[in-house]
Amino acid sequence: MDFILLCELAISGVLVGLMYGLIALGIVLIYKTSGLANLAQGALAMAGGYATVAFATLAGLPMWAAIIAALALMWLGGMLIERVMLRRMIGQPVIMVIMLTLGLEIFLRGVGPGLFGSAVKPLDLGIRQAPIIIGDILINRAYLIGGAISALLIIATIALFNSQIGVRMRAVSDDQTASWSVGIRVERMIAIAWGLAAALATAAGILWGSVQGVDWSLSLLLMKALAISILGGLDSIAGVLLAAVVVGVAESLATGILDPLVGGGTRDIVASVIILMTLLVRPYGLFGREHIERV
Amino acid sequence: MLYRQAGIRHRRYAAERQLWPLTFDRVLVGGVVLFLLAAPFTLDRLYLGSYLLPWLLWSSAALGLNLLMGGAGQIHLGYGAVMAIGAYTSVHLVRSGIPFELALVLAGMTSAALGIVFGAAALRVKGLYLAMSTLAMQYIIDFTISHVPGISGGTQASLQVPRVTLLGMPVTGEVTPYYVALGLCAVITLFMLNVGRTSFGRALAAIREKDYAAEIIGVGTFKYKLLAFWVSSFIGGVVGAVLAVCYLRIVTPDQFHLDLSIQLVAMVIVGGLGSVLGSFFGAALILFAPIFFNNAIGTLATQFGLGISTDLRSHIPLMLYGALIILFLLVEPLGLAKIYDNVRKYFLVWPFRHVRK
Amino acid sequence: MQIDRRTLLAGGSALVLGQLPLPAFAQEKLIKFGAPQDFTKVYTFVTAEYSQGQRDYITLFNERGGINGFKVHLDVIDHGNDLPRAIEAFERYKREGYVLVDPLSTPMARGLVTRALEDKINMVTTLSGRSDAADGTVFPYVMPLSPNYWSQAALIIDFFLKQDKNLKGKKIVLVHIDTPFGREPIPIFQALSQRLGYEFQTFPYAPPGNDQSAIWPQVRRARPDWVIFWGAGVGQTVALSEAIRNGLPLDRLSSSVWLSESDMAVVGKDATKGVLKFEAAAGGREPKVIQDILKEVVAKGKGAGPEGKVGTSYYNIGVMMGAIQIEGLRKAFEKAPNGPYTGPWLNEGLRSIANFTAEGLLPPITTTKEDHQGGGRGRIVRWDGAKFVPQSDWGAAYQDVVWGEIRKYSEEFKKSGK
Numbered sequence: 564m565d566f567i568l569l570c571e572l573a574i575s576g577v578l579v580g581l582m583y584g585l586i587a588l589g590i591v592l593i594y595k596t597s598g599l600a601n602l603a604q605g606a607l608a609m610a611g612g613y614a615t616v617a618f619a620t621l622a623g624l625p626m627w628a629a630i631i632a633a634l635a636l637m638w639l640g641g642m643l644i645e646r647v648m649l650r651r652m653i654g655q656p657v658i659m660v661i662m663l664t665l666g667l668e669i670f671l672r673g674v675g676p677g678l679f680g681s682a683v684k685p686l687d688l689g690i691r692q693a694p695i696i697i698g699d700i701l702i703n704r705a706y707l708i709g710g711a712i713s714a715l716l717i718i719a720t721i722a723l724f725n726s727q728i729g730v731r732m733r734a735v736s737d738d739q740t741a742s743w744s745v746g747i748r749v750e751r752m753i754a755i756a757w758g759l760a761a762a763l764a765t766a767a768g769i770l771w772g773s774v775q776g777v778d779w780s781l782s783l784l785l786m787k788a789l790a791i792s793i794l795g796g797l798d799s800i801a802g803v804l805l806a807a808v809v810v811g812v813a814e815s816l817a818t819g820i821l822d823p824l825v826g827g828g829t830r831d832i833v834a835s836v837i838i839l840m841t842l843l844v845r846p847y848g849l850f851g852r853e854h855i856e857r858v
Numbered sequence: 146m147l148y149r150q151a152g153i154r155h156r157r158y159a160a161e162r163q164l165w166p167l168t169f170d171r172v173l174v175g176g177v178v179l180f181l182l183a184a185p186f187t188l189d190r191l192y193l194g195s196y197l198l199p200w201l202l203w204s205s206a207a208l209g210l211n212l213l214m215g216g217a218g219q220i221h222l223g224y225g226a227v228m229a230i231g232a233y234t235s236v237h238l239v240r241s242g243i244p245f246e247l248a249l250v251l252a253g254m255t256s257a258a259l260g261i262v263f264g265a266a267a268l269r270v271k272g273l274y275l276a277m278s279t280l281a282m283q284y285i286i287d288f289t290i291s292h293v294p295g296i297s298g299g300t301q302a303s304l305q306v307p308r309v310t311l312l313g314m315p316v317t318g319e320v321t322p323y324y325v326a327l328g329l330c331a332v333i334t335l336f337m338l339n340v341g342r343t344s345f346g347r348a349l350a351a352i353r354e355k356d357y358a359a360e361i362i363g364v365g366t367f368k369y370k371l372l373a374f375w376v377s378s379f380i381g382g383v384v385g386a387v388l389a390v391c392y393l394r395i396v397t398p399d400q401f402h403l404d405l406s407i408q409l410v411a412m413v414i415v416g417g418l419g420s421v422l423g424s425f426f427g428a429a430l431i432l433f434a435p436i437f438f439n440n441a442i443g444t445l446a447t448q449f450g451l452g453i454s455t456d457l458r459s460h461i462p463l464m465l466y467g468a469l470i471i472l473f474l475l476v477e478p479l480g481l482a483k484i485y486d487n488v489r490k491y492f493l494v495w496p497f498r499h500v501r502k
Numbered sequence: 091m092q093i094d095r096r097t098l099l100a101g102g103s104a105l106v107l108g109q110l111p112l113p114a115f116a117q118e119k120l121i122k123f124g125a126p127q128d129f130t131k132v133y134t135f136v137t138a139e140y141s142q143g144q145r146d147y148i149t150l151f152n153e154r155g156g157i158n159g160f161k162v163h164l165d166v167i168d169h170g171n172d173l174p175r176a177i178e179a180f181e182r183y184k185r186e187g188y189v190l191v192d193p194l195s196t197p198m199a200r201g202l203v204t205r206a207l208e209d210k211i212n213m214v215t216t217l218s219g220r221s222d223a224a225d226g227t228v229f230p231y232v233m234p235l236s237p238n239y240w241s242q243a244a245l246i247i248d249f250f251l252k253q254d255k256n257l258k259g260k261k262i263v264l265v266h267i268d269t270p271f272g273r274e275p276i277p278i279f280q281a282l283s284q285r286l287g288y289e290f291q292t293f294p295y296a297p298p299g300n301d302q303s304a305i306w307p308q309v310r311r312a313r314p315d316w317v318i319f320w321g322a323g324v325g326q327t328v329a330l331s332e333a334i335r336n337g338l339p340l341d342r343l344s345s346s347v348w349l350s351e352s353d354m355a356v357v358g359k360d361a362t363k364g365v366l367k368f369e370a371a372a373g374g375r376e377p378k379v380i381q382d383i384l385k386e387v388v389a390k391g392k393g394a395g396p397e398g399k400v401g402t403s404y405y406n407i408g409v410m411m412g413a414i415q416i417e418g419l420r421k422a423f424e425k426a427p428n429g430p431y432t433g434p435w436l437n438e439g440l441r442s443i444a445n446f447t448a449e450g451l452l453p454p455i456t457t458t459k460e461d462h463q464g465g466g467r468g469r470i471v472r473w474d475g476a477k478f479v480p481q482s483d484w485g486a487a488y489q490d491v492v493w494g495e496i497r498k499y500s501e502e503f504k505k506s507g508k
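Residue numbers (the numbering used here), protein chains in the order written: chain F, 564 to 858; chain Y, 146 to 502; chain P, 91 to 508.
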């Protein structure tokens, strides 16, 4: 195993990890404000990808307009989901919410391919395919741009949490009743979190769609996103940034080092192992607050 | 009238504690049992082999999962993997010449032994975190099964189930497998109906409500949580083994993927957490809704020449299925069992609606 | 949910309405074929186009009057790659007297093998299912009727050999999806590497292959002479884009049969120039059958899908399978015109197809009681930016090695069935 290959794998791992992180960010946002786990986040990314393709091809919009339209549509969609479904789940056991979001995922997986056709849809952002070669290290242009955009969006979200609206959202996550009593509109904060999460999922869907094309398999990104959000801590937005890098690099290196040894694609297992190890060693994640009920 | 409580006086505790104190319920249960027993002689083979048989098996699995989720309040997103362990163990044992009766028990034992590992996570975390760790374990077991040729059966990755005999009867054709499944289902159902009245069941209920409160009143959470996982995994393993022998007849890794686990959780939830009857309702709904929608949309499309694309036609059932799950959770979070119960209560006091409440 | 009189009545009437019998089919003399296929899960990339081709061919056949007064009814339904649903469909077909089932999914085909053998219903496993089912003596009712993955692998290697004259010391790399389907061709590549002296290396990626970012840098580092990518659907497009992004030479890159025009369109029609693949049926609209379908089916508005899809690779594979199935039916009528029209009756026909080419769409296919593969012929084609251009004549390669493997695994199956 030569050193340069390891470098290449590590770099692509960081970039891919950041792109996963964008989906994890949505899960964390929603968990942080409302304490609910959204297992439909992968499906939201898929829906976002389909929406963009639909605006670009069916409505004939230029790509930038299609992206904006899709982001806006999905923002509304996210708020709608919260209003119609998740708000009624307050006070129900965790498993109900998990099942509801899984049901939502099944539903979305029917809507996208059903309306727009099940064949893979191309989504061209105009990123050139030719690789960038620095010294002897090859960097994948699509991932470089995707990773950079993801990192920017994650950092922007962290910044948002330090703005006025972010402070309110943090208050909501700390104590809903107390926030209420000081005049913060809790429902609105949660709705914003959902809208933001859906929009971020759409961004992820667009980036991943440009890499792999848009089809139902975009919803499979959920597992990686879960690994990241759990490793980083379900209520830590800064955690996403670091955990995304860790998960991405771990997966990438595992493919390079472990695959030849076990003779199989270990990539998916890495996410599972990370989830298990985190939960057994440090259940609240790297940066999460130590509030979860231990047994 | 049959269907009412008025005039029923229990003179002994045993009479009051019986499973079905109302005559109507007893008659209904008796009727269902008779119907199920007579099904091979009255029903078409299609309904027997591809509706009743899988329904009984999936209901049994849902019951096993319900013990854990409804009974002890632990979330399990890896029940499919537990069943896979049972199925693979039994098939390998039978292939190596061990009688099926023994293989069945050993399959349950193996599943239970590995199921405890899932349980170990439950000692550490709960709620969402437990869901995630069982999910992760499902993936790891899937990976192991499909990557160890000794387990999955080599390049073709499919293991044919040899002909087996149970208590001297060859389990072939349509009828014997049905009775085997029916027998298994009956045993599990009776166990589940009665488990709530045992100290074990009450301990689980205490843990479900609040685990440290349970510890305070002297119910060892460590012991009972592991025990709950043990029993539930044992059931899962046995059902997996019977599923392989009676229904699948060939086992391949992708039959026990995450999809199966999610399907089972959906059955438990849509049926009603902790309800025995609900597991049967849930299994029927989740198992047959896609088939029903599919056939219905197919017939509609061919009969009325519905001008919709193949893609849309084949995805509408998927949308309906997803929407169905969402709707049930929103409209009646307590599940189909609760809806049945409401209907039953409506009739119990009919026509004196005002006495309900 | 509160129950009152209104909800009770509404629920009750909904139940009753749900039970209403739907009008039955008009009674015609029909031979029934069932096509429970995966439209919604893993095989979405191929099923819609395949099914369209299959249905269009059968419509063409029926429009021309069928055979001996019989028409063919093809029932298409989604099984979502879920075995209970496939079994339900299979059992329903069995009850309703269907004589052929075409599940187009490897896991479903594997799960239904025992049932097909026991119930004597012909199961067509087009370019999928068990490769060893080519052995008709062990699998009398499983009909691949198309080159299996082992034949495809052998033909691809044969093409490499013809290009390079000698493969000794060359390095051939297989990038494959890490499922039984992806691992299937490995024995053939290994066996041939011993015979021809090339070095063979594999790179598995996790299914379904939407993320292969860590695989291709390694492939590039391995500096292979030839790369074969073996997957389906999204895995194929991602493999192609990653190969391009890692700067691998595309004219030394080959796929199995599962690569289509729409995959090329996703990655970029011009960007993918030079890529090779295996082809089992001629692509494009030139073959006479496709022209006939355009004239007699599509032009009359009886096409089963969008006209733009007519002539794509997967569409033509659908036509190919429809044609072979109908040819088997013809042979069955030749042998026993008066039936009884059952599975074994059709089986006789499907196993005695001789030199059938569907008017130039296919390489000659000949099935016997021993050989259900039909000869394993195909050819290698190259993408030129708009269509796949043949690079070799129809032919088969190393069938001795392929049949060695087929016999090895079918023996194993026979033993395990006891």
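Warning: the hint list may mix true and false statements.
[Stated by the list, open to error] Stretches of chain F that chain Y covers, calculated by requiring three or more beta carbons in the stretch to come under 8 Å of a beta carbon on chain Y: (1) 634-644; (2) 765-773; (3) 830-836; (4) 839-849.
[Said to hold, decoys possible] Facing chain F, a subset of chain Y residues (Cβ under 8 Å, in silico): (5) MET214; (6) ALA281; (7) ILE285; (8) LEU311; (9) MET314; (10) VAL316; (11) VAL320; (12) ALA429; (13) LEU430; (14) ALA434; (15) PHE438; (16) ALA468.
[Said to hold, decoys possible] No farther apart than 20 Å at their CA atoms in a straight line, the calculated lysine to aspartate or glutamate pairs in the DMTMM-like style are these: (17) Y:LYS483 to P:ASP94; (18) Y:LYS490 to Y:GLU477; (19) P:LYS210 to Y:ASP189; (20) P:LYS498 to P:GLU438; (21) P:LYS210 to P:GLU397; (22) P:LYS504 to P:ASP209; (23) Y:LYS490 to Y:ASP170; (24) P:LYS261 to F:ASP737; (25) P:LYS255 to P:GLU289; (26) Y:LYS368 to Y:GLU354; (27) P:LYS210 to Y:ASP170; (28) P:LYS122 to P:ASP94; (29) P:LYS210 to P:GLU186; (30) P:LYS359 to P:GLU386; (31) P:LYS260 to P:ASP209; (32) Y:LYS490 to P:ASP94; (33) P:LYS459 to P:ASP474; (34) P:LYS255 to P:GLU153; (35) P:LYS477 to P:GLU460; (36) P:LYS459 to P:GLU501; (37) P:LYS359 to F:ASP565; (38) P:LYS363 to F:GLU853; (39) P:LYS258 to P:GLU186.
The set of hints was computed from the structure by calculation and includes no laboratory data.
Fair warning: this is a prediction, and the values are worked out from it, not measured in the lab.
All residues carry an ideal CB built from backbone N, CA and C; glycine is no exception.
Hint check against the structure, violated hint numbers in rising order: 1, 2, 8, 9, 10, 11, 12, 13, 14, 15, 20, 21, 24, 27, 28, 30, 31, 33, 34, 35, 37, 38 and 39
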